[in-house]
Each structure stands twice: as structure tokens, then as C-alpha cells.
Amino acid sequence: MSSVGIDKLDLLVAFLRKKHGEHASIAEVTALAEVMADSLHDFYRLLHTSVHREMKDIADYIARTRDEIAALRPNELHHAHIPAARNELAAIVQVTEGATDSIMERAEAVMSAEIPDLAAYKEFVNARLITVIEACSFQDLTGQRIAKVAEMLGQIEQRIAHFAMATRICDAEGLKSEDEAAAAVRKRQLMLNGPAVNGDGNGQHDVDFLFGAKKPTVNQTEIDKLFA
Amino acid sequence: MAADQTMQILVVDDYRTMIRIIRNLLKQIGYEQVDEAADGTEALAKMRTKRYGLVISDWNMEPMTGYELLKEVRADPALAPTPFIMVTAESKTENVIAAKKAGVNNYIVKPFNAQTLKNKIDTVFAA
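In order, the protein sequences belong to chains A and B. By the working numbering, the letter at position 228 of the first sequence is numbered 243, and the numbering carries on one by one without gaps. By the working numbering, the letter at position 83 of the second sequence is numbered 105, and the numbering carries on one by one without gaps.
Derived from the structure by calculation, the hints contain no laboratory data. Be aware that a few hints might be false.
To be verified - Only pairs whose alpha carbons sit at most 25 Å apart, straight line, appear in this in silico SDA-like list of lysine to any residue: (1) 132/B x 209/A; (2) 229/A x 123/B; (3) 163/A x 151/A; (4) 49/B x 85/B; (5) 132/B x 153/A; (6) 229/A x 216/A; (7) 93/B x 52/B; (8) 163/A x 91/A; (9) 191/A x 205/A; (10) 132/B x 150/A; (11) 71/A x 55/A; (12) 132/B x 158/A; (13) 132/B x 226/A; (14) 123/B x 97/B; (15) 122/B x 135/B; (16) 132/B x 220/A; (17) 49/B x 142/A; (18) 191/A x 172/A; (19) 229/A x 122/B; (20) 202/A x 72/B; (21) 114/B x 199/A; (22) 93/B x 203/A; (23) 132/B x 116/A; (24) 123/B x 217/A; (25) 71/A x 59/A; (26) 114/B x 85/B; (27) 68/B x 114/B; (28) 49/B x 148/B; (29) 123/B x 73/B; (30) 122/B x 144/B; (31) 122/B x 216/A; (32) 140/B x 221/A; (33) 93/B x 211/A; (34) 123/B x 200/A; (35) 49/B x 29/B; (36) 229/A x 147/B; (37) 132/B x 221/A; (38) 71/A x 185/A; (39) 93/B x 149/B.
Source: prediction; values computed, not measured.
Could you put the whole structure together from the sequences, leaning on the hints where they help?
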């Protein structure tokens with residue numbers, strides 16, 4: 016409430032104290048009502064301005080957030096980027112599996128070959144080894160596909176980072192779907208960590224040590240490093 | 023006790039290629055009798071109908087993991103004596119210790135070679 020309104024109310028309180036125990040006249044009650052009305056008018060005028068300002072701030076925030084969401088282009092992410100990345104990864108799995116099958120098939124054929132004639136055996140082995148070399152071209156294709164996925168992830172990361180910064184949002188707790196939450200619990204309970212990255216896991220020697228093997232002795236490479 | 027080269031070995035992995043690799047490595051080191059399962063549930067069903075001399079299992083599979091399979095095997099008196107080797111990319115200490123506590127006989131970290139597989143099988147049957 017404004018200081019004007021408070022001053023008027025102070026006068027009102029002082030008047031009532033002065034009139035303590037006496038009946039007020041109609042004129043005095045009317046005057047009091049006028050003072051009250053004036054005070055409330057000021058109060059509601061200021062309240063209106065304040066609420067209006069608050070509502071405008073909220074409207075501005077909503078408009079800004081809507082712009083930021085539009086800049087995030089969630090539909091494009093949902094309908095284009097993420098399915099494209101998924102398709103690339105599926106293609107990688109398919110290509111590597113095909114190449115591995117092809118290589119293994121040739122290797123198995125060579126291992127089980129029983130050709131007494133040396134020249135015929137050499138020809139047989141060479142023909143299969145050429146196919147093995149050809150199959151290794153999968154590395155080039157998968158490399159290109161991985162680069163595309165990495166680029167898409169980079170774009171998604173950039174947009175999300177910009178969105179989080181612009182809207183100053185914090186990550187919510189406990190908003191995972193039931194499936195996500197159940198998967199997270201299962202992963203934690205069954206220690207489904209997957210392959211380790213950046214030396215996070217143990218090598219075979221460390222695992223052997225946990226099973227009671229003696230620490231491996233220093234090998235020649237490590238000795239050579241000491242003399243390098 | 024040396025490993026019996028004619029024993030039936032059950033290889034459990036959800037990657038067909040990995041089963042094929044292990045099958046070839048086992049053949050290379052003298053084990054020809056190899057059966058396969060794509061996850062713990064299938065492996066457990068096979069183990070209840072056929073006797074295996076050794077189980078070689080991956081960890082990360084659906085719906086039943088190798089770790090769950092190991093615990094099921096050790097909890098079943100009929101299956102509990104079966105030697106069990108975990109072959110997995112799960113190489114964190116917590117995984118190795120949990121598997122050891124659950125009764126795994128040995129643990130191989132992927133990728134691995136025929137010599138490592140042979141060493142671990144020999145160690146299990148020498149114990």
C-alpha cells in the first residue's frame with residue numbers, strides 16, 4: 016500500500032482513538048468512509064500496476080522460452096537427427112557383422128582345408144585371404160558412418176547446451192519414465208557397466224591378481240623402457 | 023585334474039559372432055564338443071536337460087545376464103558343481119569381485135586370445 020494511503024489510515028486511527036467511547040455522527044462516518052475509499056483506491060491502483068508488471072514478465076518469459084524451444088528444433092531432432100543416427104549405428108552393426116562373418120568363414124575354410132598338393136593349397140589359401148582383405152574395407156565405411164553420427168551428436172549437444180543456458184533450467188529429479196527408472200535399477204543391481212573406457216576397468220593381469228595369481232613379473236618391453 | 027577334452031562345453035553369449043569366435047578358439051585348443059545358448063534363460067534350460075563339463079558365459083545379456091545365470095547355477099544343487107568361466111567386457115573391479123563371490127571359477131576380459139582361454143580352462147581344472 017502507498018505511503019499516501021497509510022497516512023490517511025493513520026489519520027483515521029488517530030480520529031477513532033480520539034472519539035473513544037463516543038458515538039460518531041453521520042457526517043463523521045461518511046468522512047471516514049471517504050478516507051477508506053481513497054486509501055483502497057490507491058492500494059488497488061498500485062496492486063493493478065504490480066500484477067500487470069508480473070503478468071508481463073511471465074508472458075515475456077513464456078515467449079522467450081517458446082523461441083528457445085523453436086531454436087532447439089525438437090521436431091527435427093525427433094524425426095530426422097535421432098532416427099538418422101540410429102540408422103547409421105544399425106548399419107555399422109550390420110556391416111561389421113557381415114565383415115566378421117566373411118573373414119571368419121574364410122579363416123575356418125583355411126583351417127579345415129585338407130589339400131595335399133602344395134600349389135593347389137596355396138591357391139586355395141590366397142583366394143580366401145584376398146576375400147579377407149576385401150572384407151576389411153568395412154573399416155573405412157564404418158569410420159565414415161561413425162563420423163556422421165558424431166557430427167549429429169555434436170549438433171544436438173550444442174542446441175541442448177544453448178537451450179539449457181538460455182532458459183537457465185536445472186535438471187529435474189525423479190522425472191524418469193517407469194521403464195527408464197526400472198532399466199537404471201537393473202543396470203545398477205546387475206552391474207551392467209559395459210566395456211570400460213579410458214582405463215576405467217581392469218586388464219587380464221589385474222583380474223588374475225584378484226583370483227589369486229601372483230603379480231606379473233616385469234616384461235622385456237618394460238625393461239627396455241627403463242633403458243630408453 | 024586335467025580338463026577332459028571330450029567334455030561338453032556350453033558357450034553363452036547373445037552375439038552370434040562371439041559364440042563363433044569362442045567355438046573356433048576352443049577347437050584350436052582341442053575342445054570340439056561345444057553347445058551354445060543366447061542368454062542365461064536358454065542356458066539354464068539346456069543345463070537342466072543336459073550335463074555340461076564347463077560353462078563359458080558372457081555377462082551382459084537379456085533377459086537373463088551371465089551374473090544371474092551364475093547365481094542360479096550355484097543355487098541349484100544339481101548344477102552347482104559345474105565349472106563356470108565368465109568371458110566379458112565387464113572389467114570393473116566390482117564386477118570381478120561380485121562374480122567371484124557368486125562362485126565363478128575364473129574370469130576372462132574381452133578381447134582375449136586362445137592362449138588365455140586355454141590357461142583359464144587349465145587353471146579351473148587344475149584347482
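Take a quick look at whether residue 132/B and residue 221/A sit within 25 Å of each other, Cα to Cα.
Holds, at roughly 13 Å.
Given the hinted pair residue 114/B and residue 199/A, is their alpha-carbon gap at most 25 Å?
Distance of about 18 Å is within 25 Å: holds.
Take a quick look at whether residue 71/A and residue 185/A sit within 25 Å of each other, Cα to Cα.
Holds: residue 71/A and residue 185/A sit about 23 Å apart, inside 25 Å.
Within a Cα-Cα threshold of 25 Å, do residue 123/B and residue 200/A meet the stated pairing?
holds, 21 Å
Restraint status (C-alpha distance of residue 71/A to residue 55/A at most 25 Å):
Holds. Residue 71/A to residue 55/A sits at ~24 Å (cutoff 25 Å).
Under the criterion that the straight-line Cα-Cα distance not exceed 25 Å, is the pair residue 163/A, residue 151/A satisfied?
holds, 20 Å
Please verify whether residue 49/B and residue 85/B have alpha carbons no more than 25 Å apart.
Since the Cα atoms of residue 49/B and residue 85/B sit roughly 29 Å apart, the hinted pair is violated (cutoff 25 Å).
Pair hint outcome, residue 132/B versus residue 116/A [Cα-Cα no greater than 25 Å]:
holds, 19 Å
Under the criterion that the straight-line Cα-Cα distance not exceed 25 Å, is the pair residue 202/A, residue 72/B satisfied?
violated, 31 Å
Restraint check for residue 93/B with residue 149/B, where alpha carbons must lie at most 25 Å apart:
The hint holds at about 21 Å.
Hinted pair, alpha-carbon criterion (25 Å max): residue 132/B, residue 153/A. Please report holds or violated.
holds, 22 Å
Residue 229/A paired with residue 216/A [C-alpha distance capped at 25 Å]:
holds, 19 Å
The structure fails to meet hints 4, 7, 20, 27 from the earlier list, while all remaining hints are met.
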